[in-house]
Amino acid sequence: MHALIQGVIVGVLTGGVYALMASGQTLIFGIMKVINLAQGAMVILGAYLAYQLFTTFGLDPFLAIPITTVVMFGLGVGVEVAFLRPLRAEDRSELSLLVTFAVALLLEGVMAVTWNDTRRSINTGYANASWTVGGYQVTLVRLWAFLLSLAALGLLFLLLDRTRFGRAVRATVQNPDSARLLGVETSRVSALGFGLGAATAAAAGSVYGLLYPFNAGSHYDLISRLLSIVVLGGMGSVGGAMIAAVIVSTSSAVVASTVSPAWSEMTFFVILILVLLVRPQGIFGARARGAI
Amino acid sequence: MRAGPVRGLLFFGALVVTPLFGLQHWVLNLLVFVLMFAVMSSSWNLVGGMAGYPSLGHAAFFGIGAYALGLIFRGHTVHSGYEPFFWLPVIGLLGAVVGWPIAVVSMRTRADVFAIVTITFLFVVQTLAFNLHGLTGGAQGLAMPIAPFPAATFEEPFYYVLVVLLALALGLTYGALRSKVGLALSAVRADEDKARGIGVPTTGVKVLAFSVSVGLTAMVGGVWGYYESFIYPQFAVDPLITIAIVLMTFLGGRATLWGPVLGAFLLEAGQQVLAYQLGGNQFYLIAYAMIFLLVMLFLPRGIVPTIAQRRGKRSRSAGAGATPAPPASGLDLRAATGSRGTP
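Chains A and B supply the protein sequences, listed in that same order.
Under our numbering, the final residue of the first sequence carries the number 1008; numbering is consecutive throughout.
Under our numbering, the final residue of the second sequence carries the number 407; numbering is consecutive throughout.
Calculated directly from the structure, the hints in this document are not laboratory data.
Yeah, the Cβ is synthetic: ideal placement off N, Cα and C, and Gly gets one too.
Worth double-checking, as some hints may not be accurate.
[As the list claims (entries may be wrong)] One-sided excerpt, in silico: chain A residues whose CB lies under 7 Å from chain B:
id	residue
1	A719
2	F799
3	L813
4	G825
5	E981
6	I989
7	L990
8	L992
9	F1000
[As the list claims (entries may be wrong)] Computed footprint of chain A on chain B, listed as stretches where at least three residues anywhere in the stretch have a Cβ under 8 Å from a Cβ of chain A:
id	stretch
10	113–122
11	166–174
12	299–312
13	353–364
Using the sequences provided together with the hints, build the complete structure.
What follows is the structure, encoded as structure tokens:
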């Protein structure tokens, strides 16, 4: 029972970080109908940037987020313009998968060359501090990570809900053709949306770097996690991704603490298959075009 | 019509006699790897190229095949070096049996979801390969049966087995292209809803194509494991294998008979040289990804269809020739289904 509750605590707190990563990925899918397999690699790149800023300038990873998000936003826009926009419409959804996979490998290669294979971790003074509440351990950094992820997601919601850009994004998600007819420049929205997805990856990357040691290959661990979250939440639904992130992360943390960490990786696949069997459109997925 | 079989006989004749010229070991070794990838990209083509369902999980089945062979022979020595090869059909069947339910669940909806499920499966199998110490030996690796072939001609048995597997893969592709199965697969790729509407058994052909495809891939995995004599999880279940066979298929030309083979010969040979020159470090990953992106941008249809188009050979008998132009058959189908309409 103790292990179970401890698992839930860790799972919910970590879920916030995954929600941030997955929100970018599901947003990209919503706008462009592109499954971004490079999201995990972008998170790791964000972690490396935060690591570099911390080791070189002593900048706290949380404070580095404004810098890394801007850099990664530019990178995301660049990837969309250079590699995704030129694809022909008829086989776009198929080719975009492969293109984003190639981008993931490219980023992995660049990171491996730049920072070599050694696992890095960002060792701030507070990295190992923890509180004990009623016999359960709450790592301080995990709590901060959770709160920061919530704040970032709140900003994302404000952006989507309150700005002209957000309105254009939502219009494109609902119906790209009508949005275009109404004067939304959907290709610009796509580029900015991809940039936004990369920016959330950067913010999540800072936090990820605080929580776990990582190297260039770590993005493989993230791919299946993020994909099962995105599918469970309903592809394209940011709110769904948030709830799904908590569900997925909690169940895997519970399996890790009660069964064994090795099998916790299996939970993603089991959840994914169950969702596809029981509710293929995910928790909040609409049966609109592009929803499954 | 006649060019296909003649070309095939010439190609396989050349493959059969090649080792007779007393090639050096590194050349034969290179050819063994080229053939492995030729078989795998040809198999991937059956589902990824012809049906338009891009599987990202083939590397998992490669690993399953390798571990299956290792587990079959765990604890007892082989009597004859050829014995493991006779188990390959069993391994192929195992791959198909594992792949079948995955295909049934993930192919019900769309290619996107299929890709998600297959790539997730790849990482699940990778994690299991690392963590099921009792079965796979974990990171310490698994000893395979020791092949008792004389050192002078060590590569040859593997080479010829792979030639047979390639003949099988190409024979299946050729048969599919010439039959209703191939037509059904290209109908799935062009417009699945309409195809289903006019009575094409879309689910059946998709699942069949995937099972056959991953079965062949598992057999290659078995050959690879036996050839390597000791396998490690990071090489047996390697996402790079997936990306390599996809890239080979796209480079050569998907949904064509010879495209994947051509892609494998060009890329795997190039890769071995590249790995040798760059010392196998991560620059090699960058080069690979860059080639992939360039192919996607500038040669999305692949070499074989592009050449066929240049020659002006837009064969109307799509499926009969060696290089049916894929978009032509897609357009035909759209025209055919459009007139009948679907509910």
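So which of those numbered hints doesn't the model satisfy?
1, 7 and 9
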